[in-house]
Amino acid sequence: MAHVPLRTCVGCRERAAKAELLRLVVAAGGSVRTDPSGSRQGRGAYVHRRRSCVEAALSPGRLARELRTGLDEHGAATLRTEIEGELDR
2 MAHVPLRTCV
12 GCRERAAKAE
22 LLRLVVAAGG
32 SVRTDPSGSR
42 QGRGAYVHRR
52 RSCVEAALSP
62 GRLARELRTG
72 LDEHGAATLR
82 TEIEGELDR
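Each residue of the sequence shown is one higher than the one before, counting from 2 in this note's numbering.
Calculated directly from the structure, the hints in this document are not laboratory data. Keep in mind that the hints are not guaranteed to be accurate.
[To be verified] Pair by pair, the computed Cβ-Cβ distance ranges are:
hint, residue 1, residue 2, range
1, R66, L7, 31 to 41 Å
2, T70, K19, 37 to 47 Å
3, R52, A28, 16 to 26 Å
4, H75, V5, 19 to 29 Å
5, S38, T70, 17 to 27 Å
6, R69, C13, 18 to 28 Å
7, H4, G71, 30 to 40 Å
8, T79, A3, 35 to 45 Å
9, A78, M2, 41 to 51 Å
10, E87, Q42, 14 to 24 Å
11, E85, G45, 35 to 45 Å
Just so you know, these numbers come straight off a predicted model, no measurement behind them. A virtual CB, placed ideally from N, CA and C, is assigned to each residue, including glycine.
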C-alpha cells in the first residue's frame, strides 16, 4: 500500500490527503500566493478548495499565524482572488 501524505487544512483543521488541498506559500517579498503544483519553495499552508475553509483561513490572523508572516488587507484581497480561481478546479 502506497504512502499518502496528509496535511491539515488551515480553515477547518481537518486532515486530508495533500492532493485534495490547495497549497498557499510565502513568496519572495513576503506575499502569500497559491501554489497549485505544490512544488514552490517557501513556507506553506494548506486549505480545502471549499469556500467555508477559505473564509476561515482568511479570517484575521489565522493564515498569517500559520505562515509566520504578515497579511495586510491588500494582500488578503489579492490572495482571495487567486484562490477563487482555484475553487472551480
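Hints violated by the structure (numbers, ascending):
1, 2, 4 and 11
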